[in-house]
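Enquirer: Sequence:
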Amino acid sequence: EWERHDLALSFPSGTFDLVCACYLHSPVRMPRERVLRSAAGAVAPGGALVVVGHAGSPSWSEPHPEIHFPTPQEVLDDLALPAGQWEVKRSDLVTQPLQGPDGEPATRPGNVLRVGRRGG
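In terms of my numbering, the sequence shown has 9 at position 6, counting the first letter as 1, and numbering is strictly consecutive.
In case anyone wonders, no lab produced these hints; they're calculated from the structure.
Keep in mind it's a predicted model, so treat the numbers as computed, not measured.
Please note: incorrect hints may appear among the correct ones.
Claimed, not checked - Label-pair distances were calculated between CB atoms; the ranges are: (1) S62 to G122: 40 to 46 Å; (2) A47 to A109: 36 to 42 Å; (3) P48 to T98: 21 to 27 Å; (4) K92 to P15: 20 to 26 Å; (5) G49 to Q76: 23 to 29 Å; (6) G123 to S64: 22 to 28 Å.
We treat Cβ as the ideally placed atom computed from N, Cα and C, and that holds for glycine.
Input sequences plus hints: build the corresponding full structure.
Expert: This is the structure:
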């Protein structure tokens, strides 16, 4: 079954073995913390939540200090997961290889956070 949601207004019902939240960056106001907490709430016991995001601008781009890219620790803090119910499985800064606008080799820093819900 396919569902479409504006995550600022609704979230899919049910629990899942794997919930992924990828690149929740927006230049407009978005309730990111609430969306991430809803995502965590949708993880079944024994399941996992994976949050992937940018950690900075692409190597060909000028830095944009006005843009904040949360670290994995900041994402974990925003989740406010109940103590003892979750385990951090991965919390890393990664380098993503990609191509620049003219086809040149480039990179972009990224963040990966994977937490597992105990139980199940």
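Enquirer: Please go over all the hints and tell whether each is borne out by the structure.
Expert: Do the hints match the structure? See the list:
Checking the proposed 40 to 46 Å range against S62 and G122 shows it holds: the Cβ atoms sit about 42 Å from each other. Between A47 and A109 the beta carbons are some 38 Å apart, a value that agrees with the proposed interval 36 to 42 Å. Look at P48 against T98: about 34 Å separates their beta carbons, and that is not inside 21 to 27 Å. Between K92 and P15 the beta carbon distance is about 23 Å. The supplied range of 20 to 26 Å therefore holds.
Taken as a hint, the range 23 to 29 Å holds for the pair G49 and Q76, whose Cβ atoms sit roughly 24 Å apart. Our hint of 22 to 28 Å for G123 and S64 is violated, since their Cβ atoms are close to 42 Å apart.
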